[in-house]
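There are 2 protein chains.
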Amino acid sequence: MSKSSSFLSKTEIMDAAEQTLRRFGPDKTSVTDVAKLLGVSHGTLYRHFPSKAALREAVTERWLEEQIVAPLEQIVKAPADNALAQLKVYIARLIELKLHYAEQDSEMFKMYTDVTMEAAELIEVHIQRIMEQMGILIDRGIQQKRIAQSAATSSLARSLFHATSRFHHPAHAHEWRSASIEQEFEQVWQLLEQGLTASIH
Amino acid sequence: MSKSSSFLSKTEIMDAAEQTLRRFGPDKTSVTDVAKLLGVSHGTLYRHFPSKAALREAVTERWLEEQIVAPLEQIVKAPADNALAQLKVYIARLIELKLHYAEQDSEMFKMYTDVTMEAAELIEVHIQRIMEQMGILIDRGIQQKRIAQSAATSSLARSLFHATSRFHHPAHAHEWRSASIEQEFEQVWQLLEQGLTASIH
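Listed in order, the protein sequences are those of chains A and B.
Using UniProt numbering, read the first sequence as starting at 1 and increasing by one per residue.
Using UniProt numbering, read the second sequence as starting at 1 and increasing by one per residue.
For the record, the hints were derived by calculation from the structure and aren't laboratory data.
A quick note: this is a predicted structure, and the numbers were derived from the prediction, not measured.
A virtual CB, placed ideally from N, CA and C, is assigned to each residue, including glycine.
Just so you know, not all the hints are guaranteed correct.
List of simulated lysine-lysine pairs, BS3-like, C-alpha gap at most 27 Å [what the hints assert, rightly or not]:
{"hint": "1", "chain 1": "B", "residue 1": "Lys88", "chain 2": "A", "residue 2": "Lys88"}
{"hint": "2", "chain 1": "B", "residue 1": "Lys77", "chain 2": "B", "residue 2": "Lys88"}
{"hint": "3", "chain 1": "A", "residue 1": "Lys28", "chain 2": "B", "residue 2": "Lys28"}
{"hint": "4", "chain 1": "A", "residue 1": "Lys52", "chain 2": "A", "residue 2": "Lys110"}
{"hint": "5", "chain 1": "A", "residue 1": "Lys110", "chain 2": "B", "residue 2": "Lys28"}
{"hint": "6", "chain 1": "A", "residue 1": "Lys110", "chain 2": "B", "residue 2": "Lys77"}
{"hint": "7", "chain 1": "A", "residue 1": "Lys28", "chain 2": "B", "residue 2": "Lys77"}
Away from chain A, derived, C-beta distances all over 10 Å, residues of chain B [to be verified]:
{"hint": "8", "residue": "Gln19"}
{"hint": "9", "residue": "Thr32"}
{"hint": "10", "residue": "Val69"}
{"hint": "11", "residue": "Gln74"}
{"hint": "12", "residue": "Arg158"}
{"hint": "13", "residue": "Gln194"}
{"hint": "14", "residue": "Gly195"}
{"hint": "15", "residue": "Leu196"}
Take the sequences, apply the hints, and build the full model.
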């Protein structure tokens, strides 16, 4: 699969990087391994990604967009009579996706975990995407008079995201194996739902 | 400070272990280092603590009890007209204590973080202590008709603990430096407070 570096696209590099990461794991993968797989020089790769961290972040960013944000977008786009119930489905799906990747795609999940700890900016961009999606559902819920506008939409979205961190933040992945984790989410959600609807009842 | 092993108490061993941990850090401290400081043999220590992990867990357990649970007990014991406000003070203090130790006692905090990831049972016992304290405040709030009994007290306590994990769970320590962290807690608390009082208004 050797090819002229002039035709090397960022997508091709990221594909090769993802393949290499899955094979060797995020700690052992070097830029040289990726270059080898592409049949190009180390220097060629560095022209596109100035450091191993930059490459790792680009791969993580794409992974988050394709594997987390895209499936969630389906829920946001689906018409729903009850946007509050849809908001719970959205968060439950976010949790389910994280659990799925923690178990089924552990190398990529480990890389995402490392990047979460190290690249605050990239993760903040990802969280912004999630906030926007949740914001659409919250606004819909306010219009349907199922959610009380007790604070700005963005603030409600962020609070819901933070209050459910234990169930979707990768640092908690080792707690997700607990037998009571689903029940615990149900209980947290019940309290949050009461908070979201408080002024309506 | 060499002394006969027959007089060696668990407390003395833990004191020496804590001192050694602070000096060398949790990763580099060995049982031999602790034995050296006490002037006893390696074997003598193993009679009290069968592994390095056991010693580390005992030290962490004592640290959590003395540095976290004991100061929080002061809040629980103080008489208060508004147990809901007191509950917020309690959680804010829990957050403040964790932040303080993350910054001021980083070796012990690192050990506590490691143990949190590895010794689920010990941490569950600690969380039970926190749940009991929060439960007292919740029951007081229900009696004062400031908190709605929307679920069992223990379930409400656990949900509050989980919903605020981002602000006190050691895996999130690197996020606590954010300039907006206090405001974010305020917003999460507002939503939770609305949930706690929902059926009362």
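Comparing the hints with the structure gives:
1. With a CA separation close to 25 Å, the supplied pair Lys88/B and Lys88/A stays within the 27 Å bound.
2. Taking the CA atoms of Lys77/B and Lys88/B, the gap is near 15 Å; set against the 27 Å cutoff, the hint holds.
3. A distance of roughly 24 Å separates the Cα atoms of Lys28/A and Lys28/B; the hinted pair therefore holds under the 27 Å criterion.
4. Simply put, Lys52/A and Lys110/A have alpha-carbon atoms about 16 Å apart, close enough for the 27 Å limit, and the pair holds.
5. Only pairs whose Cα atoms come within 27 Å are accepted, and Lys110/A paired with Lys28/B is accepted, the gap being roughly 25 Å.
6. About 43 Å separates the Cα atoms of Lys110/A and Lys77/B, which puts this hinted pair outside 27 Å; it is violated.
7. About 53 Å separates the Cα atoms of Lys28/A and Lys77/B, which puts this hinted pair outside 27 Å; it is violated.
8. A cut-off of 10 Å between C-beta atoms confirms that Gln19/B is not in contact with chain A; the least separation is 30 Å.
9. Consistency note on Thr32/B: stated as away from chain A, and its beta-carbon is indeed over 10 Å from all of that chain's, at 29 Å minimum.
10. For Val69/B, the non-interface assignment is confirmed: its Cβ lies about 21 Å from the closest Cβ of chain A, beyond the 10 Å cut-off.
11. Separation of Gln74/B from chain A is adequate, the least Cβ-Cβ distance of about 26 Å exceeding the 10 Å criterion.
12. A beta-carbon of chain A comes within 10 Å of the beta-carbon of Arg158/B; the shortest separation is about 7 Å.
13. Consistency note on Gln194/B: stated as away from chain A, yet its beta-carbon is not over 10 Å from all of that chain's, at 4 Å minimum.
14. Against the 10 Å criterion, Gly195/B falls within the reach of chain A, whose nearest CB is about 3 Å from its own CB.
15. Non-interface status of Leu196/B relative to chain A is broken: a Cβ of that chain comes within 10 Å, the nearest being about 7 Å off.
Going through the hint list in order, the structure does not satisfy hints 6, 7, 12, 13, 14 and 15.
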